[in-house]
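First to last, the protein sequences are chains A and B. Start counting the first sequence at 1; every next residue gets the next number (the working numbering). Start counting the second sequence at 1; every next residue gets the next number (the working numbering).
A portion of the hints provided could be inaccurate.
[Stated by the list, open to error] Within a straight-line C-alpha distance of at most 27 Å, the following computed DSSO-like cross-link-like pairs (lysine-lysine) qualify:
1) B/227 / B/4
2) A/38 / B/227
3) B/222 / B/4
4) B/229 / A/38
5) A/38 / B/4
6) B/4 / B/229
7) B/222 / A/38
[To be verified] Below, a sample of chain B positions facing chain A; criterion: calculated Cβ distance under 7 Å:
8) 34
9) 37
10) 129
11) 132
12) 225
[What the hints assert, rightly or not] Which bits of chain A does chain B cover? Going by a derived footprint, with three or more residues having C-beta under 8 Å, they are:
13) 11-19
14) 27-39
15) 45-52
Hints were generated in silico from the structure; no laboratory data involved. Each residue gets a CB set at the ideal place from its N, CA and C atoms; glycine is no exception.
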Amino acid sequence: MYFLQQGPAQTLDYMIAGYAVIFGVMLIYLISLYIRRKNLSQDIEVLEELEQHQ
Amino acid sequence: MEPKPRLLSILDSVTVLLLLAATAAVFFYAPTEAVMGQVQRVFYFHVAAGWVGMLGFLVAAIAGIVYLRTGRRNWDIVGLSAVEIGMVFAFINIVTGSIWARPIWNTWWTWDPRLTTATIMELIYAAYLMLRAGIEDPNRRARFGAVYAIVGFISVPLTFFSARLFRTIHPVVIGSNQPGAEGSFDMSPRMLQAFMFSLFTFSFVFADLLWHRVRLGRLSDKVEQLKLKTMA
C-alpha cells in the first residue's frame with residue numbers, strides 16, 4: 001500500500017482523534033473523581049449532623 | 001475530612017508539568033514518521049496508556065496479596081483504586097490502537113491475538129468491579145476482590161507477550177521487528193527519547209491518580225461506617 005507513496009501518509013485527522021480520546025478520557029476521569037469526592041464530603045456532613053442530633 | 005498532603009500537591013504540579021513536557025516532546029521534538037505520517041504520534045501515549053493499565057493491574061494483584069496476608073482495609077482500597085485507573089488507561093490504549101489501525105491496517109478492528117487478549121484483560125477487570133458491586137459485606141468483598149485481582153493478573157503477561165508468542169500483525173515496540181507486523185517502524189533516537197519520556201511521565205500520572213483515588217476510597221469507607229453507625 002505504501003510502496004508507491006511520495007511522502008508520509010496524510011493521517012493528521014487520525015492523530016487528532018487519538019489525542020482527543022487520550023485527553024478526553026483522562027479529563028472525564030478527573031471530573032468523575034472530583035464529583036465523587038464532592039458528593040462524599042456532602043454525605044459526611046449530613047451523616048455527622050445526624051449523628052449529633054441522635 | 002483529611003487535608004490534602006503537601007507532597008500530593010507537589011506531585012500534582014510535577015505530574016502536570018511532565019505531561020505538558022511529554023506532549024511537547026511528542027508533537028515538537030519527535031520527528032514525523034516517514035511512512036505513516038502524523039498518526040504515528042499516537043503511538044507514544046498509546047503505549048504509555050497500555051503501560052499504566054498493566055501497572056494498575058500489577059499493583060492490584062500485589063495489594064490483593066498483601067490484603068490477604070494482613071487483612072488491612074487500606075490494601076483493599078489500593079487494589080480497587082489501581083484496577084479502576086488500570087481500566088481507564090487500558091480503555092484509552094484499546095481505543096487509540098483502533099484509531100491508529102484504521103489508516104495503517106485499513107480496518108478499525110481485527111481479532112488479532114494482541115487486540116483480543118487486551119480486550120479480554122479489560123473485560124476481566126470490568127467483571128472485578130461487577131463482582132465487588134454484588135457483595136455487601138465489606139470484608140467478604142475485600143477478600144473476594146483480592147483473590148480475583150491475583151487470579152485475573154494472569155491476563156496481563158498473556159496480553160504483554162501475545163505479540164511475541166503468537167502470530168500477529170501487531171508491531172512489537174521493543175525487541176525484534178517481526179516480518180508479519182503491519183505498521184512496525186524503526187525508532188530514531190529522538191523517537192526513542194520521546195517514547196521513554198512518555199512512559200516515565202505516565203508512571204507519574206499513575207502514581208498521582210492512585211494517591212487521589214485511594215483518598216477517595218478512604219472517604220467512601222468513612223461514609224459507609226457513618227451510615228452503619230447512624231442506622232444502629
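Problem - Hint consistency between residue 38 of chain A and residue 227 of chain B [alpha-carbon to alpha-carbon, up to 27 Å] - result: holds (17 Å)
Exercise for the section: Verify the coverage statement for the stretch 27-39 of chain A against chain B, using a C-beta to C-beta distance below 8 Å and requiring 3 or more qualifying residues. Expected result: Three-residue rule met by the stretch 27-39 of chain A, so holds; n is 4.
Problem - Given hint residue 37 of chain B near chain A, where the shortest CB pair must fall under 7 Å - result: holds (4 Å)
Problem - Hinted contact residue 225 of chain B with chain A - closest CB pair below 7 Å - result: Since chain A brings no Cβ nearer than about 9 Å to residue 225 of chain B, farther than 7 Å, the hint is violated.
Handout entry: Distance restraint between residue 229 of chain B and residue 38 of chain A, which requires alpha-carbon spacing of 27 Å or less
Key = holds (21 Å)
Problem - Hint validity - residue 34 of chain B Cβ closer than 7 Å to any chain A Cβ - result: holds (6 Å)
Practice task
Given the hint that residue 222 of chain B pairs with residue 38 of chain A, test it: the Cα-Cα distance must not exceed 27 Å.
Solution key: holds (14 Å)
Problem - Satisfaction of the residue 132 of chain B interface hint, Cβ to chain A closer than 7 Å - result: Interface hint status for residue 132 of chain B: violated (15 Å vs cutoff 7 Å).
Problem - Given hint residue 4 of chain B paired with residue 38 of chain A - CA-CA distance at most 27 Å - result: holds (14 Å)
Handout entry: residue 129 of chain B as chain A interface residue, shortest Cβ-Cβ below 7 Å
Key = With a minimum Cβ separation of about 14 Å from chain A (threshold 7 Å), the hint on residue 129 of chain B is violated.
Practice task
Would you check the hint for residue 4 of chain B and residue 229 of chain B, treating anything up to 27 Å between C-alpha atoms as holding?
Solution key: holds (26 Å)
Problem - Coverage of the stretch 45-52 of chain A by chain B (three or more Cβ within 8 Å) - result: holds (count 4)
The structure shown violates the earlier hints numbered 10, 11, 12.
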